[in-house]
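**Student:** Protein sequence lines, in the order shown, are assigned to chains R and F. Throughout the first sequence, residue numbering follows this note's numbering, covering 1 to 114 in sequence. Throughout the second sequence, residue numbering follows this note's numbering, covering 1 to 115 in sequence.
Simulated from the structure, these hints should not be mistaken for laboratory data. All values reported here derive from a predicted model rather than from experimental measurement. Note that CB positions come from ideal geometry on N, CA and C, so glycine has one too. It is possible that some hints are incorrect.
When the alpha-carbon atoms are kept at most 30 Å apart in a straight line, the in silico DSSO-like pairs for lysine-lysine are as follows [claimed, not checked]:
1. R:K68 - F:K55
2. R:K49 - F:K42
3. F:K20 - R:K68
4. R:K61 - F:K64
5. R:K61 - F:K41
6. F:K41 - R:K49
Restraint-style ranges between C-beta atoms, simulated for each label pair [unchecked claim]:
7. R:E64 - F:R10: 31 to 39 Å
8. R:S80 - F:L76: 23 to 31 Å
9. F:L76 - R:G41: 17 to 25 Å
10. R:P40 - F:C13: 38 to 46 Å
11. R:S80 - F:K20: 40 to 48 Å
12. F:E59 - R:G41: 23 to 31 Å
13. F:E52 - R:S39: 41 to 49 Å
14. R:G16 - F:K55: 51 to 59 Å
Some residues of chain F that are not near chain R, with every Cβ distance over 10 Å (derived) [as the list claims (entries may be wrong)]:
15. Q6
16. V19
17. D27
18. L44
19. K64
20. T75
21. D88
22. F91
23. I93
24. G109
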Amino acid sequence: AQSVTQPDIHITVSEGASLELRCNYSYGATPYLFWYVQSPGQGLQLLLKYFSGDTLVQGIKGFEAEFKRSQSSFNLRKPSVHWSDAAEYFCAVRVERTGNQFYFGTGTSLTVIP
Amino acid sequence: GAVVSQHPSRVICKSGTSVKIECRSLDFQATTMFWYRQFPKKSLMLMATSNEGSKATYEQGVEKDKFLINHASLTLSTLTVTSAHPEDSSFYICSARAQVVGEQFFGPGTRLTVL
Chain R
1 AQSVTQPDIH ITVSEGASLE LRCNYSYGAT PYLFWYVQSP GQGLQLLLKY
51 FSGDTLVQGI KGFEAEFKRS QSSFNLRKPS VHWSDAAEYF CAVRVERTGN
101 QFYFGTGTSL TVIP
Chain F
1 GAVVSQHPSR VICKSGTSVK IECRSLDFQA TTMFWYRQFP KKSLMLMATS
51 NEGSKATYEQ GVEKDKFLIN HASLTLSTLT VTSAHPEDSS FYICSARAQV
101 VGEQFFGPGT RLTVL
């Protein structure tokens with residue numbers, strides 16, 4: 001069965017520090033991979049996505065993610081975190097075989113301290 | 001990018017009443033729409049997939065008679081929570097898939113509180 005794992009439930013970083021949020025997926029082929037951010041009480045905002053090609057993808061708000069096939073990972077990174085980045089982050093996989101259904105990770109809550 | 005709206009954004013209702021939530025794709029045609037439920041501090045759980053003009057496909061464990069989904073047009077899907085109870089209180093999010101493969105856009109969500 002397809003699954004998405006975000007090992008870190010909660011991460012706290014200082015403003016200006018670098019950030020890496022982990023995401024691992026379980027799927028037989030290369031899926032479509034996404035990172036979304038959700039502020040409290042809000043919907044999902046797409047940060048970036050990977051379909052094919054260059055394994056390092058750039059997204060909005062200074063985020064980037066790297067697809068590593070050998071590790072079945074798609075970790076999200078940002079070199080310098082801003083206080084406004086505090087939110088919930090979801091990694092998601094879209095699987096064509098199941099009608100393009102999305103599978104979401106359990107999310108990582110990011111706290112940014114001044 | 002494409003915009004998906006949901007209405008209402010928040011709704012409070014009494015136990016036993018029915019609530020309808022609308023999901024609209026504003027500037028594209030959505031052949032498929034998805035409904036998710038999100039519990040506090042939890043991830044999104046897919047409830048059902050609806051295709052325009054056909055019956056929705058529900059995920060295992062989701063009561064189709066309780067969560068009625070109608071996808072009457074290429075821009076509108078509705079989720080009706082029938083005879084709502086406090087345990088139905090949740091954040092409901094829809095998404096719409098454009099005809100362009102791989103693109104799916106999420107609505108802002110609807111907070112349902114059942115008293």
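**Student:** For the range 31 to 39 Å, tell me whether the beta carbons of R:E64 and F:R10 fit it or not.
**Tutor:** 34 Å, holds
**Student:** Given the range 51 to 59 Å, decide if the beta-carbon distance of R:G16 to F:K55 lies inside it.
**Tutor:** 52 Å Cβ-Cβ, so the 51 to 59 Å window holds.
**Student:** Regarding the assertion that F:F91 does not contact chain R, is the least Cβ-Cβ distance greater than 10 Å?
**Tutor:** 8 Å, violated
**Student:** Within 40 to 48 Å: is that where the Cβ-Cβ distance between R:S80 and F:K20 falls?
**Tutor:** 44 Å, holds
**Student:** F:I93: least C-beta distance to chain R exceeds 10 Å?
**Tutor:** 6 Å, violated
**Student:** Does F:K64 lie within 30 Å of R:K61 when you go C-alpha to C-alpha?
**Tutor:** 39 Å, violated
**Student:** Within 23 to 31 Å: is that where the Cβ-Cβ distance between F:E59 and R:G41 falls?
**Tutor:** 24 Å, holds
**Student:** Determine whether the non-interface label on F:D27 survives the test: each CB of chain R must be over 10 Å from its CB.
**Tutor:** 16 Å, holds
**Student:** Between the alpha carbons of R:K68 and F:K55, is the straight-line distance 30 Å or under?
**Tutor:** 38 Å, violated
**Student:** With d taken as the least Cβ-Cβ distance between F:G109 and chain R, does d exceed 10 Å?
**Tutor:** 4 Å, violated
**Student:** With d taken as the least Cβ-Cβ distance between F:T75 and chain R, does d exceed 10 Å?
**Tutor:** It holds; F:T75 is separated from chain R by about 18 Å at its closest Cβ, greater than 10 Å.
**Student:** Would you say F:V19 is clear of chain R, with no C-beta pair closer than or equal to 10 Å?
**Tutor:** F:V19 clear of chain R: closest Cβ-Cβ about 18 Å, beyond 10 Å.
When each numbered hint is compared with the structure, violations occur for hints 1, 3, 4, 8, 10, 13, 15, 18, 22, 23, 24.
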